[in-house]
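In the order they appear, the protein sequences are chains A and B. Residues in the first sequence are numbered from 7 upward in steps of one, following the numbering used here. Residues in the second sequence are numbered from 552 upward in steps of one, following the numbering used here.
It is worth saying that the hints were derived from the structure and are not from the lab. Don't take each hint at face value.
[Unchecked claim] DSS-like, lysine-lysine: derived pairs with alpha carbons at most 27 angstroms apart:
id, chain 1, residue 1, chain 2, residue 2
1, A, LYS363, A, LYS478
2, A, LYS52, A, LYS69
3, B, LYS690, B, LYS651
4, B, LYS651, B, LYS569
5, A, LYS478, A, LYS462
6, A, LYS462, B, LYS673
7, A, LYS63, A, LYS174
8, B, LYS690, A, LYS462
9, A, LYS478, B, LYS777
10, B, LYS777, B, LYS789
11, B, LYS789, A, LYS451
12, A, LYS462, B, LYS651
13, B, LYS716, B, LYS673
14, B, LYS716, A, LYS451
15, A, LYS149, A, LYS174
16, A, LYS273, A, LYS360
17, A, LYS273, A, LYS433
18, A, LYS451, A, LYS206
19, B, LYS651, A, LYS433
20, A, LYS206, A, LYS360
21, A, LYS67, A, LYS354
22, A, LYS354, A, LYS271
23, A, LYS478, B, LYS690
24, A, LYS83, A, LYS174
25, A, LYS451, B, LYS673
26, A, LYS174, A, LYS354
27, A, LYS52, A, LYS206
28, A, LYS433, A, LYS363
29, A, LYS433, B, LYS777
30, A, LYS360, A, LYS271
31, B, LYS777, A, LYS451
32, A, LYS360, A, LYS462
33, B, LYS716, B, LYS777
A quick note: this is a predicted structure, and the numbers were derived from the prediction, not measured.
The residues making up each chain are set out below.
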Amino acid sequence: MSESVERINERLASDYEAGFVTEVENDSLPPGLDEDTVRAISARKKEPEWLLEWRLKAFAKWKTLTEPEWAHVNYQKIDFQALSYYSAPKGQGDGPKSLDEVDPEILRTYEKLGIPLHEQKRLAGVVAVDVVFDSVSIHTTFKDTLAEAGVIFCPISEAVQSHPELVKQYLGTVVPISDNFYACLNSAVFSDGSFVFIPKGVTCPMELSTYFRINAMNTGQFERTLIIAEEGASVSYLEGCTAPMRDENQLHAAVVELVALDDAKIKYSTVQNWYMGDEQGRGGVYNFVTKRGVCKGRNSHISWTQVETGSAITWKYPSVVLRGDNSVGEFYSVALTRGRQQADTGTKMIHMGKNTKSTIISKGISAANSENCYRGLVRMAPTAEGARNFTQCDSLLIGDTCGAHTFPYIESRNNSAVIEHEASTSKVSDDQLFLCQQRGLDPEKAVSMIVNGFCKEVFRELPMEFAVEAGKLLEISLEGSVG
Amino acid sequence: MLSIENLQASVEDKAILKGLNLSVGAGEVHAIMGPNGAGKSTLSNVMGGRPGYEATGGSVTLGGVDLLELEPEERAYAGLFLAFQYPVELPGVSNMEFLKTAVEANCEHRGIEAPNTAAFLKAAREACAQVNLSPDFLKRGVNEGFSGGERKRNEILQMIMLQPKLCVLDETDSGLDIDALQVVADGVNSLRGADRSFVVITHYQRLLDYIVPDFVHVLSDGKIIKSGGSELALELEKNGYGWIEQEVA
Chain A
7 MSESVERINE RLASDYEAGF VTEVENDSLP PGLDEDTVRA ISARKKEPEW LLEWRLKAFA
67 KWKTLTEPEW AHVNYQKIDF QALSYYSAPK GQGDGPKSLD EVDPEILRTY EKLGIPLHEQ
127 KRLAGVVAVD VVFDSVSIHT TFKDTLAEAG VIFCPISEAV QSHPELVKQY LGTVVPISDN
187 FYACLNSAVF SDGSFVFIPK GVTCPMELST YFRINAMNTG QFERTLIIAE EGASVSYLEG
247 CTAPMRDENQ LHAAVVELVA LDDAKIKYST VQNWYMGDEQ GRGGVYNFVT KRGVCKGRNS
307 HISWTQVETG SAITWKYPSV VLRGDNSVGE FYSVALTRGR QQADTGTKMI HMGKNTKSTI
367 ISKGISAANS ENCYRGLVRM APTAEGARNF TQCDSLLIGD TCGAHTFPYI ESRNNSAVIE
427 HEASTSKVSD DQLFLCQQRG LDPEKAVSMI VNGFCKEVFR ELPMEFAVEA GKLLEISLEG
487 SVG
Chain B
552 MLSIENLQAS VEDKAILKGL NLSVGAGEVH AIMGPNGAGK STLSNVMGGR PGYEATGGSV
612 TLGGVDLLEL EPEERAYAGL FLAFQYPVEL PGVSNMEFLK TAVEANCEHR GIEAPNTAAF
672 LKAAREACAQ VNLSPDFLKR GVNEGFSGGE RKRNEILQMI MLQPKLCVLD ETDSGLDIDA
732 LQVVADGVNS LRGADRSFVV ITHYQRLLDY IVPDFVHVLS DGKIIKSGGS ELALELEKNG
792 YGWIEQEVA
């Protein structure tokens with residue numbers, strides 16, 4: 007390995023700016039999981055009977071399931087009885103209030119993280135934010151402006167109270183209770199998350215965004231997000247996440263469901279920067295997430311864009327079920343692993359409707375002792391007449407102690423369907439580094455520039471503000487402290 | 552300007568340079584010629600600090616700064632520019648972004664104010680015109696899908712933008728047709744001046760018709776064995792390297 011690469015790997019030690027802890031008093035459930043835990047969560051949220059029944063059904067199912075082991079990741083089995091399944095800062099348990107009533111410590115947390123909670127401070131007022139702190143939503147901005155357009159954007163726990171018919175109609179229709187181990191657990195104990203409803207013909211007047219923060223120790227975060235775009239509606243939704251640096255692993259098992267009806271468009275972007283653990287692999291977030299959208303209507307469009315730089319382990323496959331004829335599914339992903347991170351991520355594109363189209367662009371970057379896997383399924387059902395998929399899957403290696411793996415699964419049961427798959431693996435070469443250094447770039451700058459170039463096709467898909475943030479995040483991730 | 556004294560260097564523990572001496576004054580153009588395997592490319596790589604090329608003895612100083620002690624990027628800040636024989640691609644990294652970052656890094660470390668965006672753009676477009684590349688090349692990835700000639704012209708473009716004190720051209724003429732050679736030479740000649748020096752490494756005399764050197768040196772088996780004026784290049788072209796090697800032996 008060249009000296010330059012060694013210099014970079016030395017500096018890759020994580021410099022995690024979001025790693026601080028907020029000192030607040032919590033109202034937490036004691037560790038442990040049984041039916042009473044599920045009942046207690048439901049009671050704290052003052053949920054209707056039907057939702058409690060739904061949770062209990064999920065819990066009963068979950069007890070019969072075992073953890074999936076097929077992913078290319080290694081970790082100590084999670085002791086589900088050692089986790090707390092609900093934690094809310096004291097006095098915030100009833101959901102968002104006016105900002106004056108929010109604990110100033112929490113406000114300072116978001117200030118430090120650069121998340122705007124004051125609407126008037128927003129320059130152009132283009133993004134509405136819902137912030138979730140451990141198990142509860144703290145505050146949602148621009149609710150009134152959105153309501154004028156007919157858009158519902160609120161914590162899901164609030165939607166259960168205010169729009170029970172919508173939640174009941176769609177919850178669990180995309181990711182059923184029994185879908186998989188973690189989704190099932192989430193269904194039983196989910197705490198909070200965002201609910202978005204865009205009525206027929208409405209283009210959401212601003213970007214919507216949720217910011218998730220795990221703070222409390224030994225707490226799992228199980229958020230649940232549900233986004234519905236009716237006929238001809240469209241919305242762009244952004245999601246960001248951070249957690250403090252702790253020696254213990256934190257579990258994050260979210261479920262996100264998207265529903266797009268005829269001619270609707272949903273764009274879902276994630277910048278995931280959960281704590282990744284230290285150099286020895288101690289601590290960090292287990293990010294075991296189920297994200298799926300269904301293109302239910304004709305000409306509907308769902309697009310996932312993700313930039314994954316954090317978490318000790320990532321297990322995540324944002325997928326699209328293409329039911330409606332002519333519907334379009336997209337997956338654009340950048341996954342960066344360093345230190346001892348492990349990522350097993352990719353997508354599923356399930357083509358059922360006629361002339362459905364999907365595009366998958368995956369960019370995996372591995373450095374230091376990390377493992378980075380792309381796992382993707384493209385399935386053409388017998389009904390998927392004239393369907394097309396294009397997959398491009400590129401891996402970039404920095405140094406020679408990391409791993410990159412590609413597991414494509416292709417199933418075609420329709421002869422008229424076309425599937426294209428391209429894959430490449432390359433290294434940041436010594437020649438490239440030397441060219442950059444000779445022109446005056448230090449090795450960190452050089453690598454960050456090469457990696458940014460490698461990711462360009464995906465960054466192009468991100469909303470402007472996020473693209474800038476993602477670029478910076480990659481740079482910070484690659485920089486570490488200069489020794 | 553540049554002073555190389557008794558430079559010894561090895562690649563994979565094999566001694567390649569065996570006591571090379573070279574002194575280049577400000578504003579001078581020196582050509583280094585020699586047969587294959589003489590150590591020509593090793594010289595440029597050792598000067599630039601490419602990993603794998605190890606200086607085992609002697610010194611290289613540029614403007615009084617000992618280059619061998621520095622990281623490659625610090626050598627650039629000291630004023631060294633290498634034009635590569637095989638410029639590599641940086642996919643997705645736009646030429647513009649690359650140039651701007653490089654210019655800013657060099658300005659910062661040399662203690663001069665970096666040009667603002669407008670001034671930078673203007674300079675970049677002018678440099679493109681000078682090396683006969685369309686300004687569209689600024690938007691493309693660095694060397695991405697460029698032809699051999701375009702890559703070499705892109706090197707000269709970078710040279711113009713970075714304003715180095717000493718330019719080392721490592722067989723820049725290899726793989727160039729006459730037209731491209733002319734463009735590259737014009738670029739180099741336009742940069743010639745009292746405070747900038749050139750070391751032109753080449754196997755063939757052809758390039759020296761376009762970039763006329765003040766001095767010509769013959770490198771053989773890791774040492775400079777003969778030096779002379781530009782007429783020496785013509786002599787080498789006519790009679791090859793054998794006679795000098797014999798003369799020295």
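Evaluation of the provided hints:
For the suggested pair LYS363/A and LYS478/A, the alpha carbons sit about 32 angstroms apart, so the restraint of at most 27 angstroms is broken. Restraint check for LYS52/A and LYS69/A: satisfied, since their Cα atoms lie roughly 25 angstroms apart, inside the 27 angstroms limit. Pair hint LYS690/B plus LYS651/B holds up; C-alpha atoms about 12 angstroms apart against a cutoff of 27 angstroms. This hinted pair does not check out: LYS651/B and LYS569/B have alpha carbons roughly 39 angstroms apart, beyond 27 angstroms.
Taking the CA atoms of LYS478/A and LYS462/A, the gap is near 13 angstroms; set against the 27 angstroms cutoff, the hint holds. A distance of roughly 25 angstroms separates the Cα atoms of LYS462/A and LYS673/B; the hinted pair therefore holds under the 27 angstroms criterion. Between LYS63/A and LYS174/A the CA atoms are separated by roughly 15 angstroms; this keeps the pair inside 27 angstroms, and the hint holds. Restraint check for LYS690/B and LYS462/A: the C-alpha separation of about 13 angstroms stays at or below 27 angstroms, so the hint holds.
At roughly 53 angstroms between alpha-carbon atoms, LYS478/A and LYS777/B are farther apart than 27 angstroms, so this suggested pair is violated. Proposed proximity of LYS777/B and LYS789/B is supported: the alpha carbons are some 16 angstroms apart, at most 27 angstroms. In summary, the hint linking LYS789/B to LYS451/A is not supported, as the alpha carbons are separated by about 48 angstroms, beyond the 27 angstroms threshold. Of the supplied pair hints, the one linking LYS462/A and LYS651/B holds, its CA atoms being roughly 18 angstroms apart against a limit of 27 angstroms.
Using a Cα cut-off of 27 angstroms, the hinted pair LYS716/B and LYS673/B holds, with the two alpha carbons roughly 22 angstroms apart. Restraint check for LYS716/B and LYS451/A: satisfied, since their Cα atoms lie roughly 23 angstroms apart, inside the 27 angstroms limit. As the CA atoms of LYS149/A and LYS174/A are separated by approximately 22 angstroms, the hinted pair is consistent with the 27 angstroms bound. Distance hint between LYS273/A and LYS360/A is fulfilled; the C-alpha atoms sit about 22 angstroms from each other, no more than 27 angstroms.
The straight-line distance between the Cα atoms of LYS273/A and LYS433/A is roughly 31 angstroms, outside the 27 angstroms bound, and the hint therefore fails. Pair hint LYS451/A plus LYS206/A does not hold up; C-alpha atoms about 47 angstroms apart against a cutoff of 27 angstroms. With a CA separation close to 24 angstroms, the supplied pair LYS651/B and LYS433/A stays within the 27 angstroms bound. Of the pairs offered as hints, the one joining LYS206/A and LYS360/A holds, with about 24 angstroms between alpha carbons and a cut-off of 27 angstroms not exceeded.
For a cut-off of 27 angstroms, the pair hint linking LYS67/A to LYS354/A stands: about 24 angstroms separates their Cα positions. Between the alpha carbons of LYS354/A and LYS271/A the distance comes to roughly 18 angstroms, so the proposed pair stays at or under 27 angstroms and holds. Distance hint between LYS478/A and LYS690/B is fulfilled; the C-alpha atoms sit about 21 angstroms from each other, no more than 27 angstroms. Our distance criterion of 27 angstroms between C-alpha atoms is broken by LYS83/A and LYS174/A, whose separation comes to about 34 angstroms.
For a cut-off of 27 angstroms, the pair hint linking LYS451/A to LYS673/B stands: about 25 angstroms separates their Cα positions. Between LYS174/A and LYS354/A, the direct Cα distance comes to roughly 26 angstroms. Compliance with the 27 angstroms bound is thereby established for this hinted pair. Between LYS52/A and LYS206/A the CA atoms are separated by roughly 30 angstroms; this puts the pair beyond 27 angstroms, and the hint is violated. Of the pairs offered as hints, the one joining LYS433/A and LYS363/A is violated, with about 31 angstroms between alpha carbons and a cut-off of 27 angstroms exceeded.
For the proposed pair LYS433/A and LYS777/B, the alpha carbon gap of about 42 angstroms is over 27 angstroms, so the pair is violated. Taking the CA atoms of LYS360/A and LYS271/A, the gap is near 18 angstroms; set against the 27 angstroms cutoff, the hint holds. Restraint check for LYS777/B and LYS451/A: the C-alpha separation of about 42 angstroms exceeds 27 angstroms, so the hint is violated. Only pairs whose Cα atoms come within 27 angstroms are accepted, and LYS360/A paired with LYS462/A is rejected, the gap being roughly 31 angstroms.
For the suggested pair LYS716/B and LYS777/B, the alpha carbons sit about 25 angstroms apart, so the restraint of at most 27 angstroms is met.
Hint compliance for this structure: hints 1, 4, 9, 11, 17, 18, 24, 27, 28, 29, 31, 32 are broken, all remaining hints hold.
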